[in-house]
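Undergrad: Chain by chain, the residues run as shown.
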Amino acid sequence: MTDAILFWFLALVTVCAGLSVILMSNPIYSALSLAMTMVGVSALFVTLGAYFIAGVQLIVYAGAVMVLFVMVLMLFDLKHEIQAFTRGKITGAIKIASVGILAGLVVGAITLGTKAIEAAKATEAVAGKTYDNNTMSLAQNLFLQNVFGFEALGVLLLVIAVGTVALSRSRGGTHARD
Amino acid sequence: MMNMGTTPFEITINVIKTILVFLMMVQLVPILVWVERRGSAFIQNRFGPNRIGPLGLLQLLADAVKFLTKEDFVPDKGNKYLFYAAPIFALIPASIAYMAIPMSTPLIVGDSKFLIQGFEVNVGIVFILGVSSLAAYTILMAGWGSGSKFALMGAMRAAAQIVSYELALGLSIVGVIMTYGTFNLSDMIAAQQGALTFTGFGSTFTAHFLPNWGIFYQPLGALIFFASAFAESNRLPFDLAEGEAELVAGFHTEYGGFKMLMFFIGEYGHMMIASGLFATFFLGGYNIPYTTVQGVHDWLMTTFGLSVDGANIANTVVHFLMYNVKFLILLWIFIHVRWTLPRFRYDQLMDLGWKTMLPWALANTILTSIVIFAASQFAF
Amino acid sequence: MPETNILTTIGLEHYLVLSAVLFSMGMAGVLLRRNLIVLLMSIELMLNAVNISFVAFSKFNNNIEGQIMVFFVMTIAAAEAAVGLALAVSIFKRFKEVNIRFFEHLKG
Amino acid sequence: MPLGGIIFITLFIGVFGVILIYLARWTGGRAKRTSAAKMEIYECGIPEQEKKDTKISVKFYLTAILFILFDIEIIFMYPWAVGFREFIHSGAGPFVFGSMIIFLAIFIFGLWWEIKSKALEWD
Amino acid sequence: MSHQALIAILLLSPFVGFLLNGLRYRSQNYVLAGSIATGAVFVSFICSVMLMMDLIAAPADQRRLTANFFEWIAVGGFKVNAGFVVDQISSIMILIITGVGSLIHLFSIGYMHHDKGVTKYFAYLNLFVFNMLILVLGDSLLTMFVGWEGVGLCSYLLIGFWFSDAAKAAAGMKAFITNRVGDAAFIIGMFILFFSFGTLNMYELNALAPTTVEASWLGAATLGTLMLFIGATGKSAQVPLYVWLPDAMAGPTPVSALIHAATMVTAGVYMIVRLNPMFVAAPNTMMIVAIVGAITAVMAATIGLTQYDIKKILAYSTVSQLGYMFLAVGVGAFGAGMMHLMTHAFFKALMFLGSGSVIHAMEGEQDTRLMGGLKKYLPITHFTFLMGWLAIIGFPLFSGFFSKDEILWQSFASPRGSVFLWVAGAIGATLTAFYMTRLMALTFWGKSRVPKEVHPHESPVIMTIPLIVLAILSVVGGFIGVPHLIGEYLGHIPNYWAEWLAPVIKTLPEAAAPHTATQEWALMTTSVTLALISAFVAYRIYTSGKGTNEAIAKAFGPVYNVVNNKYFVDEAYFGGIINPLVKQSQNLWMYIDVNFIDKTTHVISDMTKGAGSLARSFQTGNMQQYAMYIGLGVVVVLTFVLMR
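Residue numbers (my numbering), protein chains in the order written: chain S, 20 to 197; chain X, 199 to 578; chain H, 635 to 742; chain Z, 17 to 139; chain W, 23 to 666.
Taking lysine-lysine pairs in the DSBU-like style, the calculated list, with each CA pair at most 30 Å apart, reads:
(1) Z:K75 x X:K275
(2) W:K190 x W:K142
(3) H:K727 x Z:K134
(4) W:K190 x W:K138
(5) H:K727 x Z:K75
(6) W:K142 x Z:K134
Quick caveat, the hints were computed from the structure, so don't treat them as lab data.
Isolated chain S, as found in the complex (with noise of 0.2 Å):
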C-alpha cells in the first residue's frame, strides 16, 4: 500500500515537472522543472530497489549536467523567450497529434506485452540472480562482464573533453578566423 502510494506521488510529481519543462516559456523555469523530474525519477529507482543507481542519477543528472544547463541559460541572459513555440497551426496539430499517437501506441504496447511477459514468466521461471547487494553485483557485471563499454566510455569521455576545449575556443561557426 505504502508502495503504491509512493509510486502514484512520484508520478505525480515527475510528469507535472515534466509537463512544466515543455510548457513554461520561461527556460530558467523548464531548466529547473527538469531538475525537479530528475529528482523525482532517482526516487523511482529508490522503489525499485537501484539505490546506486537513484544516487548516481541525482549525482551526475541533478547535480552536474542540470546546473550546467542553468548556468549556460543565466550565460545567455535570455529574460524572456519571445516565441516559445513553433508556428505553424497544421504542423503543430501533426506534432501534437503524432506524439498523442505514439503514447496511445506505446501504452497499448506495454499493456499487450506484459501480459506476454507474465505468460512466459508462468511457464519458465526467470533464473534467480541474487539482487540483493546491489551495488556489488552492478560492480561485478560491470567490471567483469561489461569492461570493454566502460573502458569505452573512458575514452569517449577524454574525446568529449578534449572535444569541449576546442569547441569553445573557437570563436563559433566553422570560419572561426573571418
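Fit chains X, H, Z and W to the given chain S structure using the hints.
TA: Leaving out everything else, chains X, H, Z and W in the frame of chain S:
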C-alpha cells in the same frame, strides 16, 4: 512509509525523530554564530557581543527579533518566485544530507530499534554527495532571482567553485570506500572500533597505542577531504563567492532579514555535514577511541549494574556525547581557520582545486588501490 | 489469476506507462519548442524516461544488466549535453541566437 | 531506503520555510515603496547602471562541462572501489585492477591535457 | 614468462614507443625521443633473445611457439586469427630486426639530433619495427600482408621524411606506387591460394602443398606462388620493379640501413622461405625466381659500377645482393638464402651506417668525387667500413664469404641449378668486388678531394658503437653456418645453420646430381680469385687517380652511357608504360567516356536529381520537422507491429 518502521508507534517516533534532528540543526546555527563572533573577537583581541545576557548569549535572541522585524524586500529587477524560493531550497539539501549521518549507536529498547539519525541510507555516501550537490541550484536561483550583477557573478563563482571542489571531494572518498568496502556509514563506523589493526601481507599488525581510525589509513585522503569540504561550504579561505571587495556579499547581496538567516542555516548546515562526515570517515564516528560498542555496553552493565535496556540507553547517550565532542571540535576548527587564514585569489582557488587537489586525490586513489592489491597478493 | 487493483498493486506496466508518458512529453518538447537549449533538455527528459523503463525491467526480470545500461545511458547523455551546450554556446557567442529555426541557414 | 521519511521531511522543511517567510513578512511588513531608488538592486550606492550585457566569462561554463566529464569518471570508480576487496577475494583482482589502471590512465591523460592546453587557466 | 606474453611484449613494445613519440611529435628533445624508441626496440630484442632461448631449449621437432590473441576475421569458412608464431625462420628474422634495429635506432640518435622532426622520425621508425614484426610473425598470409602494407607505409613516410624537398617527396611516392603494383599481385596470389587450398594460414598451406611437383604453368601452386613472387619483386626491389630502391635513398641514411638494406626489402625472401614447400612444388616459379635473381644481381651490379653517390652505390649493391638471395631460394637453397639475408643485414647495415657517418662528417655531402682520403679523418668509420667491404666481396672467412659461396655452389650443384646461374653469380661477385673497392678507394683512400670549407670529423661515440658492433658481427657472423667442406679444415665446426633450419625446409624432390669436393673447391677458388683480382684492379685504377669519369667513359664508350643511365629503365617505364597509359586514358576519356558513358550517366543522374529534388522538399534544415518524420515513422512501425 517505506522502512520508517513497522508499527504505528515506530513510525510516529521516527517521524518525530527526523523533525527533532532538523530542529537540532536549526538550533545549532545561532549558537555557532555566537561562537563565531565571540571566538573571532578573542582571536582578534576584541570583546565581541557581551552586553546582552551572560557572555552575550542573549544576543542571539535579539538578533532573531531584529530579523523578524525587518521589512520584506524584493528588488524590482528580480524574479520574485526564484527570489523567495531560493532560501527555502537552501534549507532542504543541507538538512536532508545531514540526517543520513549516524550520531550514536542504535537505541534498542525491547523489540524496537531506533537509529540515532534521521534515517539510514544504505548507499550513504552516494546519497549525501548527490543531495548536497543540489545546493548549487540554491545559489544559482538566488543569484539569478536577485537580478543584480553582483549577485549573479557571485552565484557563478560560487557554483563553479563548488563544482570544482566536488571533484576532489568525490575522489578523496574513493580511497575511503576502498578501505572499508562499503557505502554504508554505519558499517564504516563499525569498522573503526578498537585499536589500530592492519591486516595484509599475510599477517596482522596491531598498534595498541592508536585508535582504529580511518585517518591512519587515509591520511592524504583526509587532508584533501577536509580542504575540499572548506571549499564546498564556501568558507574562508575559499569564500570567493562573497569577496566583499569585489562582489559585496555574493549571491545573497539583495537578501536581508529572515531569508538571509535561512541562507545562513544552509551554509552552516554544509559545515555540519562536512564535520559529521569527516568524523565518520576518519575519526571513528561515534566510537569512543580504543573501545568497541559492545565493550562499552558490557562495561556499563557490570560497573553500574544496569539492565540490558538501561545499558543500551546509557550506551547510546555516551556515544552520542562522544560524537558531539568530535563534531564540535571539528566545527571549532572550521571557525578557527576562517579567522586565521587569508583569502585566496580566484585563479589560485581554481588552480588549487584542479591542479593540486585533484591530482593528489588521484594519487591517493591509486596508492590505496595498489596497497590493497599488494597486501592481498603478497605475503611476508 | 486473481484480479489485482491497478491502484494498489504496482507492477512493471505502471513504470512502463509512466516512462512512455514522460518520453512522449520529451518528444513533444523536441517537436514544439523553439529554444535550442530547451530542446536539449527535452532530449534529456526522453533519456530519463527510457532509464526508468530500463531499471523497471532490471527489477522485474531480476537482471542487473538493465542498471548497467542506465549507467551507460547517463554517461552518454552527459556527454551529449556537454557537446550540445558547447555548440550552443559557441553559436550564441557568434550570432546571439538560440532559436532552432535559425540553424536552418547554417552552412558548412 | 527510507524514501517515505525523506519525502516527508523534505515537504516538512519546505512548509517550515514557507511559514517562516510568511511569518517574517507578517511581523516585518512588506517593504514600503518610499522611493524608486529603494527598490533598485544594490550597486554600491551609485545609481544603477543599465544592465545591457552582463559579461560572464565562458570559463565558468567550461569549468562546469569539464566537471561533468570528470565527475562521471569518478562515479565510475565508486562501484569499483566498493567491490575491490570482493573482487580480490573472488580471484578477479588482477583483471579488475588492470582495467581500472587503464581507465585511470585515460583519466590522467585527460587531466594532463586539460592542464597543458591551459583550459583551466584563470587569469 | 609465458611465450604468449613474450610475443605480446615483443610486438607491443615498439607500438607503445610509436604512441609515446607520436603523441608528442612536435618535441625536439632528441635524447628523450631516441631513448624511448631505442628502449622500445631493445625491449623487443630482449624478448626475441628469450624466445630464441626457449626455442633452442625445445626439442628440434617442437620448435614452434604460437600466440593466438583473438579471432580477427570470421566470414563463413574464412577464418583468420590474430595469430603469431615464432619458429626457426621467424626467430632469426626477429633477432635481426630487433637487434640490428636497436643498433640503428642508437645510431639515429646521433645522426638525427639536428633535425627538427626528430620525434616524428623515431615514431615512424618504431612503427616500422612494429609492422615488420607483424609481417614476420604473422601466421597467415593475411596477417603478413597487414605488416607488408604497414612497412610499405612506413617506408613511404620515411623516404619522404624531408617532404618539403619535392624530389624526396616524389621518391617516396615512387616507392609507394611501385610497391602497389607488387601488392596487387600479392593479393591476387592470396586469392588463388585461398581459392585452391581454402586457407591462408601458412602452416596449413605448407601442409596442403602438392606432394608431386607441378609441371604445368597453370597449376594452383605455380600461379599462386608466381603472383606472390611478383609481390616480392616489388617489396624486395627485383627486376623489373627495382627502380624505387635507388630513389629511396632520399630518406635519412639510418632509414636506408634499416628498411632498405637490412629488413624490409628482405621480406620477399622471407616470404618465399616461409612458404618453401609451396614453392618447391612449383618448379616453374622457382626457375623464374632464380632467373630474375640472377639478372638482378648482374644488372644492378653493373649500374653500381658507374654511380658516384655513395648511397646510390650501396643501394644498387643492395639490389644486387637481394638478387643473390632470390637466386638462392630459386634454386632451392633456402638455408643459404636466409644465411645471406642475415649476413647481408649485418654488413649492409654496417656500410649504410658507415656511409651515414661519412655523410655526417662531410656535412651532408654524398658525392664520392668530393671525398677521398677520409681514412685519416674517420679512423673508426674507415676500419669498420673495411670489415664490411671484406665481408661483401667475399674475402675468405668473413661472413659474406660463407653465405655467398654457399649460394654460388648451390646455384651450380642444386638439382634446379645450372652452370649459367653460376656464371651469372660469379660475374656478379666479380663486379661486386669491383664497385665496392671503387667505393672504398674513392671515399677513404687516395688523395683528398674534400672542398676546403668542409672539415671532416669522426662521429660521436653513440654513432660509432653501432658501427663497431656491426663490424664484429660482419666478421664473425658467418661462422654460424660454415659449409661442411670448409668446416672440415677448421676443426670440424658443425653447420649449425643448416641443422637449425632443417625441420622447416623442404628438400627438393629431384635427386641431386653427384658432385665432388674437388668441383666445389675449384668453383670456390675461381670465384674468390676473380673477386680478388677485380678488387685489386679497382684499387689500382681508383687510388692512382686515373679513374676519372671521362677516362672510363671514353674507354667503354656507349656501354658506359647505357649503364650510367641505368639501362634507361626509368625512361623505358615512362616511354613504354606510363606515357602511353596516360595517352590511352585520354583517348578513352575523349571518345568512349564523353560519348557513351557520360550520356548514360547523365540520364541516370537526371533521374537521381529528380528524385533528389523531391526529397529535398523534405530536407528543410528544420530539425524539428526531421524529428517529426522520425516520430511518424515510429508511429507507423508500431501500428504495423500491433495490428499484425
